[in-house]
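Student: Listed below are the residues making up each chain.
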Amino acid sequence: MESKQPEQLTMLDKAWNAIHGLRQSLKSGTRRDGDHSPGLSFLSRLRRTSLFSRRKSRSLVSRILWIILIWSIIVYLLSVAGMWWSSSKVIEDNFSQQARDWVSKLDEMGTPLYAGGDAELFHAIEEHVRRFPEISYLRYYESGSNSVIAEYQSDKLVKEVPLLTPSLFEALRLSIDEMEPVFIETADEKLNLVQVAAPIVTRSIRMEDMLEFSLGNEDEETYKIIGFIELGLDFSHYHDKLIENIKAGSLFAAFMLAAVAFLGRILIKRSLTPLTRMRKPLEQLAKGRIDVRVEGEGDEEIVAIATALNTTIDALKSRDEELRQLANYDALTGLLNKHNFNLQLRNEIQRCIDAEDTSALLFIDLDQFKHVNDNLGHAAGDRLLKQVADLLKNRIRSEDVISRFGGDEFTIIARSIKEEDARIIAESILRAMQQFVFVENGQAFNIYCSIGVVLIENNDFTAEEIFSQADMSCFHAKSEGRNRYHMFDLSEQEELRKSADISWSKRISDAIQNDYFTLFYQPVVNLKGNSSEHYEVLLRMIMEDEEVIHPNAFLPAAERLGVAIDIDYWVIRNALRKVSELCADGRDIYLSVNLSGRVFDAPDLIEKVQRYIAQYNVDANRVIFEITEQTAVKHIEKAADTINQLVEIGCRFALDDFGVGFSSFNYLKRLPVDILKIDGDFVTDMSKDPVDQIMVQSMIQIANTLNKQTIAEYVQDAQTLEMLKRFGADYVQGYYLGKPSRDISRDSYAEVLDKIETNIVTF
Amino acid sequence: MPIPAIRNRAHNSLLQHMLVALLVVLIVSGCVQPVKQKPVEQPVIEKPDVKPVLKPAPEPKAVVDAPLEKVILLLSGDLDTYQAVARRMADKLGDRAIQLSLSSNRASNQSLLEDIEHSDKGIIIALGLRAARLASQLPGKTVLFSHVVNYADFSFISDSMKGVSALPSPENVFRDWKAVSPGLARVAIVTGPNMQDFIGRAREAAKQQGIQISVSTVANDKEFLYASKKMSLDIQGQWIVPDNRILSSKALKEVMAYASRRGRQLVVFSPSLLSFGGLMYVMPDDDAIADALLQRLEQYDVSSSLGDEDISPVLQHKTGINKNIVKQFNLTIPEAYRALIHGE
Numbered sequence: 001m002e003s004k005q006p007e008q009l010t011m012l013d014k015a016w017n018a019i020h021g022l023r024q025s026l027k028s029g030t031r032r033d034g035d036h037s038p039g040l041s042f043l044s045r046l047r048r049t050s051l052f053s054r055r056k057s058r059s060l061v062s063r064i065l066w067i068i069l070i071w072s073i074i075v076y077l078l079s080v081a082g083m084w085w086s087s088s089k090v091i092e093d094n095f096s097q098q099a100r101d102w103v104s105k106l107d108e109m110g111t112p113l114y115a116g117g118d119a120e121l122f123h124a125i126e127e128h129v130r131r132f133p134e135i136s137y138l139r140y141y142e143s144g145s146n147s148v149i150a151e152y153q154s155d156k157l158v159k160e161v162p163l164l165t166p167s168l169f170e171a172l173r174l175s176i177d178e179m180e181p182v183f184i185e186t187a188d189e190k191l192n193l194v195q196v197a198a199p200i201v202t203r204s205i206r207m208e209d210m211l212e213f214s215l216g217n218e219d220e221e222t223y224k225i226i227g228f229i230e231l232g233l234d235f236s237h238y239h240d241k242l243i244e245n246i247k248a249g250s251l252f253a254a255f256m257l258a259a260v261a262f263l264g265r266i267l268i269k270r271s272l273t274p275l276t277r278m279r280k281p282l283e284q285l286a287k288g289r290i291d292v293r294v295e296g297e298g299d300e301e302i303v304a305i306a307t308a309l310n311t312t313i314d315a316l317k318s319r320d321e322e323l324r325q326l327a328n329y330d331a332l333t334g335l336l337n338k339h340n341f342n343l344q345l346r347n348e349i350q351r352c353i354d355a356e357d358t359s360a361l362l363f364i365d366l367d368q369f370k371h372v373n374d375n376l377g378h379a380a381g382d383r384l385l386k387q388v389a390d391l392l393k394n395r396i397r398s399e400d401v402i403s404r405f406g407g408d409e410f411t412i413i414a415r416s417i418k419e420e421d422a423r424i425i426a427e428s429i430l431r432a433m434q435q436f437v438f439v440e441n442g443q444a445f446n447i448y449c450s451i452g453v454v455l456i457e458n459n460d461f462t463a464e465e466i467f468s469q470a471d472m473s474c475f476h477a478k479s480e481g482r483n484r485y486h487m488f489d490l491s492e493q494e495e496l497r498k499s500a501d502i503s504w505s506k507r508i509s510d511a512i513q514n515d516y517f518t519l520f521y522q523p524v525v526n527l528k529g530n531s532s533e534h535y536e537v538l539l540r541m542i543m544e545d546e547e548v549i550h551p552n553a554f555l556p557a558a559e560r561l562g563v564a565i566d567i568d569y570w571v572i573r574n575a576l577r578k579v580s581e582l583c584a585d586g587r588d589i590y591l592s593v594n595l596s597g598r599v600f601d602a603p604d605l606i607e608k609v610q611r612y613i614a615q616y617n618v619d620a621n622r623v624i625f626e627i628t629e630q631t632a633v634k635h636i637e638k639a640a641d642t643i644n645q646l647v648e649i650g651c652r653f654a655l656d657d658f659g660v661g662f663s664s665f666n667y668l669k670r671l672p673v674d675i676l677k678i679d680g681d682f683v684t685d686m687s688k689d690p691v692d693q694i695m696v697q698s699m700i701q702i703a704n705t706l707n708k709q710t711i712a713e714y715v716q717d718a719q720t721l722e723m724l725k726r727f728g729a730d731y732v733q734g735y736y737l738g739k740p741s742r743d744i745s746r747d748s749y750a751e752v753l754d755k756i757e758t759n760i761v762t763f
Numbered sequence: 001m002p003i004p005a006i007r008n009r010a011h012n013s014l015l016q017h018m019l020v021a022l023l024v025v026l027i028v029s030g031c032v033q034p035v036k037q038k039p040v041e042q043p044v045i046e047k048p049d050v051k052p053v054l055k056p057a058p059e060p061k062a063v064v065d066a067p068l069e070k071v072i073l074l075l076s077g078d079l080d081t082y083q084a085v086a087r088r089m090a091d092k093l094g095d096r097a098i099q100l101s102l103s104s105n106r107a108s109n110q111s112l113l114e115d116i117e118h119s120d121k122g123i124i125i126a127l128g129l130r131a132a133r134l135a136s137q138l139p140g141k142t143v144l145f146s147h148v149v150n151y152a153d154f155s156f157i158s159d160s161m162k163g164v165s166a167l168p169s170p171e172n173v174f175r176d177w178k179a180v181s182p183g184l185a186r187v188a189i190v191t192g193p194n195m196q197d198f199i200g201r202a203r204e205a206a207k208q209q210g211i212q213i214s215v216s217t218v219a220n221d222k223e224f225l226y227a228s229k230k231m232s233l234d235i236q237g238q239w240i241v242p243d244n245r246i247l248s249s250k251a252l253k254e255v256m257a258y259a260s261r262r263g264r265q266l267v268v269f270s271p272s273l274l275s276f277g278g279l280m281y282v283m284p285d286d287d288a289i290a291d292a293l294l295q296r297l298e299q300y301d302v303s304s305s306l307g308d309e310d311i312s313p314v315l316q317h318k319t320g321i322n323k324n325i326v327k328q329f330n331l332t333i334p335e336a337y338r339a340l341i342h343g344e
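Read top to bottom, the protein sequences are chains A and B. Residue numbering for the first sequence follows my numbering, starting at 1 and increasing by one per position. Residue numbering for the second sequence follows my numbering, starting at 1 and increasing by one per position.
These are calculated hints, taken from the structure and not from any lab test. Glycine included, every Cβ here is placed at the ideal spot set by N, Cα and C. Fair warning: there could be bad hints in the mix.
[As the list claims (entries may be wrong)] A short, non-exhaustive set of chain A residues, derived as facing chain B with CB atoms under 7 Å:
# : residue
1 : T202
2 : R203
3 : L211
4 : S214
5 : L215
Same shape as in the complex, but just chain A:
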């Protein structure tokens, strides 16, 4: 029973061989396909497959289906193995019992052979056993000589079966007490028989026991071995039948598993459909769009996920709205703030250009505000500002725009009006202010204002220029005695500007040619422990009288005169030369260089930068070009292209004045900048203004999310510095740490670092 013929190897045997091979492979840690990498175990390879890898992106439905399929195959194999094992066990037990029964029956049938040796008797036995094909042979032995007295062999017996050996006879004699036949282990596998033998024993009751008979004293009986019986049973027919049945059962089970897997696939796909439907809105959400909704349907877990996502989206919307509110409106008066007003002004200019319309900008400055603030305190000043804001709001139309520009300055954009209407509005405001009385602590104050009015027409002025005109007109009104308005006259501006431009043109030209420009260096300090020196390069012009001129004075003229790009080249060249000198001196130094928007139109920028870098033998990584956010967004396509080319060289980029325009974050993805330089307006009063704190913190978080570093400029005090540390800013810069200076010594930078390390602020 235990031995198997080679041709009887089943699929299960093959599967077992495969598992055995797998086990060996696991033990040795080698691959079967010839890759004998010792360090690569089977399990690690298995984990690296797409099914079990967590790193590889794979459809959840597909993964679940694969797992179900593999699990089904495992269950199937285990079922078949179990079926095979249990069936074999049952069959084996059954065969053993059949063998015992046959021995008992043939023992009884063969008894007469020992009485008289009647050949006819055995013929009857032969006829009987011939009807049972499983009996391959049958032998009766004599007890004394161990010789065969009768023998039967089936026609199907493939090979002569050897007679019982003397040792087996002895074993049979010894087995008499067990009353069990002896199963013979045959070495000849070709026989494929269950061979069994038993002694033929006669028993008799003792005479004494007969006289006082009691049925059951079998142990007291005497016995005598009169012979032996041996027979071979061929159960291969039943064995083959068993294998056929198992094969059929396996096929049926495989079919059922396939059917279940198919149905499971349909059910799982249907069940997970709501989950897959979430993919698109989630992708939109990942891109920053928060105007999406996630549909929740199906199972309660999926509904819960959708609900949670929608709640998160609502929270993001709410926070986004809150941030927008904080970013666009003045916390004290509720009017638009400076940032938003600038945006509105630009939009209005563009609208007027597009619609060939005319609007007006009114710049309002309170005349006595400083007096109120100084005498009654900031709280009273704030109350005054709120009351003035309410007054002004009531004087404008719904389509007009009003903002608190800063301090006691208010601005109004009056849309679609002519000069006369602008004058009427200005006079109306003056009258309202003249009638306004501010009462504080029982004291009454008359608060007047001066107004500069400029028309927004279809001309070539920028927002800054228009604002400057309004500011100038307000100054003019104040200079004429306050409590009045001044309408800006274009002829005055043109004359002024032309004269100024002629003057600046000569000066800029001389400065470029004669190096009247000079570079100032303001320290930029790393808050994360990096001790490398870092400065922002700032351009200054030196006048004949050694007066240092700020670039705001000459850059607008340079822009108009088209020489701004020459200034950019001068700054880049001299900055690189400086880096070269300092590095040669053993300094670990980095310089930030500001670029104007003109560089994006310069066809030879990249070539020149490469030439300068080569000329001064400077590591390109040590130069960080700064470009303002507004400039970059304005020339987004060109900016992205130029930045990419410079980054390829090795230079780095910082986005200056970040947050001013509050542009879409999508732009950030398109600009490969390394650093976001938070606009100084957010930082200057940050220690006092919680809105600025939130804004700065948010910008730092955004930068961190985008894996970019941050520089906070205009740090004016220790509290601001401490806050920036807490918010996680990477670099800081400002007067508190160091003013722009020609001094770029190692000692001065060390002093700045000391200030960072010893900065202790108690709130």
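Start from chain A and add chain B according to the hints.
Tutor: Leaving out everything else, chain B in the frame of chain A:
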């Protein structure tokens, strides 16, 4: 070095042997009288209230003319049937009888035989096969034996050795069986070898009752089983003779079960077999055995010969009827046999 327990047992055995030998010598020489055994409680013996076919054994006559030979009652063991027969004989023989029992110790038995052999003349009544075999080895001794079925196997029959049958009288058996089952016409008997005398008597007795008998002689229990099954095809019943040579518990059970399944009546030799499907049991009555022995002894006293009859029949027997089987076969028990029904 012998183990103490075994050594003590050997000493006890030797001492016992010497005392028994001394006692036998004293008794045989008439110096002492054997201790009369205290009567034991008599087992309930069921006797049918029917007249026996053969004449019962006459009461033994007292011998007064000359001193009679001593009678040695040699028991093969302490079975109740030996004791019952010996007790009845001792009662009848009085001081003339000496009762001796064989033990399980072969040396002790041999010594006992030597003592008997060297004693004066005396008749040995051997009860059981062991006693008969040992007594047959004693030269010059007159032996009567009982409780031996296969006496022919040992050639016990001679002029100085005769016996009493260990089997119930076939005449009685067939008479009672026919009375209980009047339709009985074909029965079978399976015996061991050398039972021709018994078979002959059985054939005659069956014929007298109008019963056709099939007889098979077999050598062992397997053949008994085989023959019984084979013969059961065309018979109505089988008398299982208490021949220990061909019977084993297994074969008995199987034959009885086989016969029961096929509706065959069985006459068995022990009441314990009724519960296995026997219709009735028949076994020799102990008193009848004793009477038969006494009758042969009386004959010997008169003629100094045991006579021509090799084996004396036992004319009375104990019997019982299985009520359940009677119902199964739908038999009507005659009034005279009602008292024999088991289970009433």
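Student: Are the hints correct? Go through all of them and say.
Tutor: Cross-check of the supplied hints:
no. : hint : result
1   : T202 : holds (3 Å)
2   : R203 : holds (4 Å)
3   : L211 : holds (5 Å)
4   : S214 : holds (5 Å)
5   : L215 : holds (6 Å)
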